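Peer 1: Letter by letter, the chains look like this.
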Amino acid sequence: MHRILLVEDEEHLQHAIKLNLEMENYAVNAVGDGNSAIKTFREEKFDLVILDIMLPETDGLMVCENIRLHDANVPVLFLSAKNTPADRITGLKKGGDDYMTKPFDLEELLLRVKKLIEKSQKIQLQSEGKTSTIYKFGENWINFESYEAHGINGKLDLTKKEILLMKLLIENKNQVVSREHILKVVWDYTVIPNTRTIDNFILALRKYFEVDPKEPRFIQSVRGVGYKFVE
Amino acid sequence: MKKLAVIFTVLSVYIVAAFAWWTYAHIRNSKQLQQAEIENLELMPYRATLQVREAVDQEMFADTNALKKFFEFNYPQLDLYFMPDEGDPLFNYMIVPSKNTFDEINQRYKRKVWMYSLEGIVMVLLLFWGIIWVYHTLQTRLKLKRQQSNFLLSITHELKTPLASIKLYLETLIKRDSLDPQQKQLMLKNSLSDVTRLRDLVDNLLTAAQLDAHKFNVTLEDVNISELLHQTIDKYCMPRNLSSRLETVIAKDVKTKADSLAMEMVFTNLISNAFKYSPGDKKVKVTLSTLEKHVNIEFVDEGAGISKADKEQLFDLFFRAGDENTRKTKGTGLGLYIVKNLLNLHHAEIIVNDNSPSGVIFKISLPYHA
Numbered sequence: 492m493h494r495i496l497l498v499e500d501e502e503h504l505q506h507a508i509k510l511n512l513e514m515e516n517y518a519v520n521a522v523g524d525g526n527s528a529i530k531t532f533r534e535e536k537f538d539l540v541i542l543d544i545m546l547p548e549t550d551g552l553m554v555c556e557n558i559r560l561h562d563a564n565v566p567v568l569f570l571s572a573k574n575t576p577a578d579r580i581t582g583l584k585k586g587g588d589d590y591m592t593k594p595f596d597l598e599e600l601l602l603r604v605k606k607l608i609e610k611s612q613k614i615q616l617q618s619e620g621k622t623s624t625i626y627k628f629g630e631n632w633i634n635f636e637s638y639e640a641h642g643i644n645g646k647l648d649l650t651k652k653e654i655l656l657m658k659l660l661i662e663n664k665n666q667v668v669s670r671e672h673i674l675k676v677v678w679d680y681t682v683i684p685n686t687r688t689i690d691n692f693i694l695a696l697r698k699y700f701e702v703d704p705k706e707p708r709f710i711q712s713v714r715g716v717g718y719k720f721v722e
Numbered sequence: 017m018k019k020l021a022v023i024f025t026v027l028s029v030y031i032v033a034a035f036a037w038w039t040y041a042h043i044r045n046s047k048q049l050q051q052a053e054i055e056n057l058e059l060m061p062y063r064a065t066l067q068v069r070e071a072v073d074q075e076m077f078a079d080t081n082a083l084k085k086f087f088e089f090n091y092p093q094l095d096l097y098f099m100p101d102e103g104d105p106l107f108n109y110m111i112v113p114s115k116n117t118f119d120e121i122n123q124r125y126k127r128k129v130w131m132y133s134l135e136g137i138v139m140v141l142l143l144f145w146g147i148i149w150v151y152h153t154l155q156t157r158l159k160l161k162r163q164q165s166n167f168l169l170s171i172t173h174e175l176k177t178p179l180a181s182i183k184l185y186l187e188t189l190i191k192r193d194s195l196d197p198q199q200k201q202l203m204l205k206n207s208l209s210d211v212t213r214l215r216d217l218v219d220n221l222l223t224a225a226q227l228d229a230h231k232f233n234v235t236l237e238d239v240n241i242s243e244l245l246h247q248t249i250d251k252y253c254m255p256r257n258l259s260s261r262l263e264t265v266i267a268k269d270v271k272t273k274a275d276s277l278a279m280e281m282v283f284t285n286l287i288s289n290a291f292k293y294s295p296g297d298k299k300v301k302v303t304l305s306t307l308e309k310h311v312n313i314e315f316v317d318e319g320a321g322i323s324k325a326d327k328e329q330l331f332d333l334f335f336r337a338g339d340e341n342t343r344k345t346k347g348t349g350l351g352l353y354i355v356k357n358l359l360n361l362h363h364a365e366i367i368v369n370d371n372s373p374s375g376v377i378f379k380i381s382l383p384y385h386a
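Chains as they are written, first to last, in my numbering: chain B, 492 to 722; chain L, 17 to 386.
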């Protein structure tokens, strides 16, 4: 039985979607806010995430980004009242696989859910046995699956937070990622450190990957805002 | 907003510096002019002595009176003193700058310094007033624009969500034959509650539009405000099972002139807000009392409270605190605008105070016509 994480804060809508999905033989875990969604996704395995955007605590776009840091393959279907082309583009850019606007057709929703799960299963089967994801920049490389990396001083093992931070910066290549954004996405619902902690992580990453950490080529600071990965 | 403040601060500093420089330059020019006038005045006796001596040599004057007349006519800035003890007064005299002339030059300089200083100050003040006015206007516009954009987001959500839910329930009822009666009953009940939510939203939108266009009229008539408050609270709390969280201290049979429909809207908005912003286990208190010529009604909650900055904008059209994307409570920012404007039509007041230890108190003060 395929498992679906449904993130919807409107009680009635959540009830109706859950009921219909269950009647189609999906196992549904429904939550009503962004932080619970992140927590639940981390604790359980899902085949699909249906995600509202306007959510209490953490919005759906940030939830999606967080999900993508941990799982690049699980299909995410946005279900939102926001219906402009810009909203759809943002949703898809943040890692969504599909976007439906409210009010929607039940049949269409069920069909899209089915197709997304089938497609993801196929991709998963095809990718099994393939080599892990490696990202190269300059003389460095990072393996996001084995947490191994090669820096200026040779091979090293990165911590989970270091991997997540690098992944977030690389996914937003040439764009500034604010400290608040990093805190929300990398540290998510867990104990929030102060922004100084991020600076320390950045310093460590620069030591690994920059020839001159004081004049960084890849991990650059944007004063008063945050950091950006440049290549 | 921060960028705007920086631009206006830089502009203000530049203007003050420019006007300070303008004032200083004018005062310095006046000082130079004063010095030149004094120097010129000090040289004048030499020129005058030569010219007078020339005229005396040509025997133009019969006596000192004629000489004095000639002198006073031609050299009003100088004084002529005869020295008869030293011989013929026509040849023995002294010409000096007049003290009055020195005083006049100094006075003129002082007047100019005052004039430029005052002009500078007045201009700086006028410009400051203009800058502050422009800044406030821009700030208000930006705020309104942000509120309108927030309103668009919230109204989109508030309109589409119940619609989506009703549509989905109806489609489910058509598609699923296997639903048991309780499930069907629950779906219909939820759909009806969404219809009520939509109706309330449409009512609020229409009322806000009418109030904004000053086209909402109230009919003041004798209303038992105690009964109306009781009825409105029950109507809101009973279907939502909120009565156990409600505490009321309502004086009996208080009557006053009011529009009952408008007051019902006011009470519904305030009671729904009190519950909306209170955690699930906290009480909401409603009191009604009379004091001198006023009926006082208070809605007290124990929620998170409202910041000082938000309190100032609370009754503005479209105002909602925080970010619409991550809001815990749903709404449109119309409710308190409607409340405030309906109370204005009753010549009533509403104030918002902090509750202790947490939460807020909305206090209505309605004129009492016993």
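Worth flagging that the hints you see were computed from the coordinates, not collected in a lab. Since we're looking at a predicted model, the values are computed, not measured. Be careful, since some hints might not be right.
[Stated by the list, open to error] Computed list of lysine to aspartate or glutamate pairs in EDC-like fashion (alpha-carbon distance at most 16 Å, straight line):
1. L:K346 with B:D596
2. L:K183 with B:E548
3. L:K191 with B:E598
4. L:K346 with B:E548
5. B:K610 with B:D538
6. L:K183 with B:D538
7. L:K346 with B:D524
8. L:K191 with B:E548
9. L:K176 with B:E513
10. B:K509 with L:E187
11. L:K183 with B:E599
12. L:K346 with B:E513
13. L:K191 with B:E502
14. L:K251 with L:E280
15. L:K191 with B:D538
16. B:K719 with B:E653
17. L:K205 with B:E599
Peer 1: Each hint should be assessed against the structure and marked as holding or not.
Peer 2: Outcome of the hint check:
1. L:K346 with B:D596: The hint is violated at about 24 Å.
2. L:K183 with B:E548: violated (27 Å)
3. L:K191 with B:E598: holds (9 Å)
4. L:K346 with B:E548: holds (13 Å)
5. B:K610 with B:D538: It holds: about 11 Å lies between the C-alpha atoms, which stays within 16 Å.
6. L:K183 with B:D538: Violated: K183 of chain L and D538 of chain B sit about 26 Å apart, past 16 Å.
7. L:K346 with B:D524: holds (13 Å)
8. L:K191 with B:E548: Answer violated: K191 of chain L to E548 of chain B is near 35 Å, above 16 Å.
9. L:K176 with B:E513: Roughly 24 Å separates the two Cα atoms, so the pair is violated.
10. B:K509 with L:E187: Satisfied, since the Cα-Cα distance of roughly 14 Å is no more than 16 Å.
11. L:K183 with B:E599: Holds, at roughly 13 Å.
12. L:K346 with B:E513: violated (28 Å)
13. L:K191 with B:E502: violated (21 Å)
14. L:K251 with L:E280: Status holds; Cα separation ~10 Å.
15. L:K191 with B:D538: Violated, at about 25 Å.
16. B:K719 with B:E653: Given that 16 Å is the threshold and the Cα spacing comes to 15 Å, the pair holds.
17. L:K205 with B:E599: violated (25 Å)
When the structure is compared with the earlier hints, violations turn up for hints 1, 2, 6, 8, 9, 12, 13, 15 and 17 and for no others.
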